[in-house]
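**Q** Spelled out from the first residue to the last, the chains are:
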Amino acid sequence: MLIFLKCHDIGKQKKSSIVAIFGIGLIGSCLARTLKQYQYETAYNLPFSWQHSSHRIIEKEDIKYCIRRISNNVNGTAFHDADSQCRIDFVWSAGKGGFDIKQNDTTPEMDSFSEVLEMALAVSRENPSSQVGFHMVSSAGGLFEGQRNVEIASEPSPRRPYAIMKLAQENILNDCDGLVRFIYQPTSVYGFAGLNRRMGLIPTLLWNGSKNKVSTIFGAPETLRDYVWVGDIGNFMAGMISSKTSVSNRFILASGKPSALFEVVNRIENTLNKKLFCHYIKSGGNAEHNTFSPKTHPVGWNPLDMETGIRKTHNGIATGFDYIQ
Amino acid sequence: MGTTNFEKIKLSVVIPVYSGENYLESLAQQLEALRCRWKENNAPIALAEAVFVDDAAIDDSLTVLNFLSERYSWITILSLSRNFGQHPATEAGILYTSGDWVITLDEDLQHPPELIESLLIKAVTEQCDIVYANPQHAVHQNLIRDWGSLYYKRIMTSLAGVKSIPYINSFRLIRGTIARAAASVCSHATYLDIALTWFTERIGFIRADLRDQRLINSGKSGYNLRKLLSHARRMILSTQTKSLRIGGLLGFSAFIISLAYGSYIFLNVYFKWVDTGIKGWASLVVIILFLGGMSLLLISVVIEYISIILLHTQGKPTFFVVDRSTDKLLFDYYTDRKDADLS
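Protein chains in written order, with this note's numbering: chain A, 114 to 438; chain B, 23 to 365.
I should point out that these hints are in silico values taken from the structure, not numbers from a laboratory.
Do not rely on the hints blindly, as some may be mistaken.
Claimed, not checked - Derived DSS-like pairs: lysine-lysine, alpha-carbon spacing no greater than 25 Å straight-line: (1) B:Lys144 with A:Lys395; (2) B:Lys30 with B:Lys338; (3) A:Lys149 with A:Lys177; (4) B:Lys30 with A:Lys408; (5) A:Lys324 with A:Lys387; (6) B:Lys144 with B:Lys175; (7) A:Lys326 with B:Lys249; (8) A:Lys408 with A:Lys326; (9) A:Lys209 with A:Lys177; (10) B:Lys144 with B:Lys61; (11) B:Lys301 with B:Lys350; (12) B:Lys338 with A:Lys395; (13) A:Lys326 with A:Lys357; (14) B:Lys30 with B:Lys144; (15) B:Lys175 with A:Lys387; (16) B:Lys249 with B:Lys294; (17) B:Lys61 with A:Lys408; (18) A:Lys388 with A:Lys326; (19) A:Lys395 with B:Lys30; (20) A:Lys326 with A:Lys387; (21) A:Lys388 with B:Lys338; (22) B:Lys350 with B:Lys249.
Given these sequences and hints, build the entire structure.
**A** Here is the structure:
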């Protein structure tokens, strides 16, 4: 996990914004990079164990200690001092298992999530004058799987353990009154965050296409999905964090434009200027459509068009660009 | 037939908007009436969305659309950055749909929404992937426009070699997967209806009473001669093979003729059937015919290669898979309804 810090000078008083990101995957790493553009600086890079709860006991204390230390250094006051004002945001962008994880594998992630949430509540209790926000990255694709024209009022109907877990996490967070709560529900996210990280459909097609390798696609050419570029999510989340808003909210982060796999493949072929070797496997609900209405767009959300997003991703792969630099 | 336990077949409507402020409210009301009727009848199909594509409208259409979008949750507005024309606007709208069927309409009520069911019935009874509404009578009630349109389509049919051109109309029902696939491969120079023929040959049409009320009442039309010529150009470019192959065939014919005539002249010199009295004439003519014919033959080969590259860049697919299994639900529904005309 990473802890970021930004100091503001307001008259003689110094104020600070602290962001603790748990999960430096595709979205987390992109958010980290975007925060740097907002003048946040990396303060700590600390371990946070997923599998071993015994390790986490010490690690959580370390994280809390670091947050307290930064806050004290900036404000020159004790962490418990009612006059010290700082904004602390916890970001949960973690997810060890993918979309297809089994029920048993969701337990470690749920435990970790609950502990991070507890930590945020503890920090909030210890420092009542500061605002503590909790930003959770959920999954619109999982919660609304198989639904078309999803709107803000649409009811989630999770089908697989991953989505059930995400909904459970959302419910737990919604019950925490002491925090400013933000739930982000992105649709199918694509982008590139380095070769050592999990790659989604579009980067895989770009990578395999450039290497003349066969890509196996779970779905059918006509399967509709809603794709959002990771940079848009990073920008939106960083914007929400830096705005320091105190109003809890839930955001569906969708492009609002359904795209068939046929279209995606076609656009990637145009980008690479060569034919892709694709092998389609229709299995389970993978071939079901999942689309979102443009009316779900929250204020300030301006998703990139897919053509540009694919080219940016391709550029990232071609240059070996890593979001954590 | 009642439907309860399956997700309904979804219909998306796409309407490019350029100057339709006076018609849009009425159009939305008619679509809402159709949507409610299907809901009341518990039909297996639902009007899921209507995508209005604001093609840099020159009137107050966008304000009207914003008002309608507030009133009807199923309306989506897509604003293009500049005026791209009706076909690109339709393609953009199609790419924003997610329905099993996509219907494209004009903004000015020239295409009455109550005909949508007739198009659907035609599609499911004859397993069509595209159904056009073809006007029974003269659409524009203007001799020059109507005859012009008729002969323009006939000339295009012979030049392009696509049989469905006479039926092509912007009032069309398209299977959703095919509509989106065709729209996604269209470039600025591709004619949407020609791109659709790359994906299916199951094209039907119905005769309907379509009238261009805007042109009849005001004499104004969205099309002028320049735009029609641009349409013709795109149609020919999209169906390049026939016109280009005519050129290739001419080259090959000239080459064969040069060989035959050259052989005749050569034999004539040898056997002296006819004496021209001019020295060197025979060899000169043979060389010119042979080189000219050979050049044309090579040009025709190059043209054939260009055809292949052109089709590739325009996105013509090698194959495309389609699922028509849900048509039976609609067919059964309309068979059970006594008021539906399945003939």
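**Q** Now tell me, hint by hint, if it's right for this structure.
**A** Okay, the hints, checked on the actual structure:
no. : hint                   : verdict
1   : B:Lys144 with A:Lys395 : violated (30 Å)
2   : B:Lys30 with B:Lys338  : violated (31 Å)
3   : A:Lys149 with A:Lys177 : holds (22 Å)
4   : B:Lys30 with A:Lys408  : holds (21 Å)
5   : A:Lys324 with A:Lys387 : holds (11 Å)
6   : B:Lys144 with B:Lys175 : holds (23 Å)
7   : A:Lys326 with B:Lys249 : violated (45 Å)
8   : A:Lys408 with A:Lys326 : violated (38 Å)
9   : A:Lys209 with A:Lys177 : holds (23 Å)
10  : B:Lys144 with B:Lys61  : holds (21 Å)
11  : B:Lys301 with B:Lys350 : violated (79 Å)
12  : B:Lys338 with A:Lys395 : holds (24 Å)
13  : A:Lys326 with A:Lys357 : violated (46 Å)
14  : B:Lys30 with B:Lys144  : holds (19 Å)
15  : B:Lys175 with A:Lys387 : violated (36 Å)
16  : B:Lys249 with B:Lys294 : violated (60 Å)
17  : B:Lys61 with A:Lys408  : holds (22 Å)
18  : A:Lys388 with A:Lys326 : holds (11 Å)
19  : A:Lys395 with B:Lys30  : holds (21 Å)
20  : A:Lys326 with A:Lys387 : holds (12 Å)
21  : A:Lys388 with B:Lys338 : holds (13 Å)
22  : B:Lys350 with B:Lys249 : violated (41 Å)
This entry does not satisfy hints 1, 2, 7, 8, 11, 13, 15, 16, 22, going by the numbered hints stated previously.
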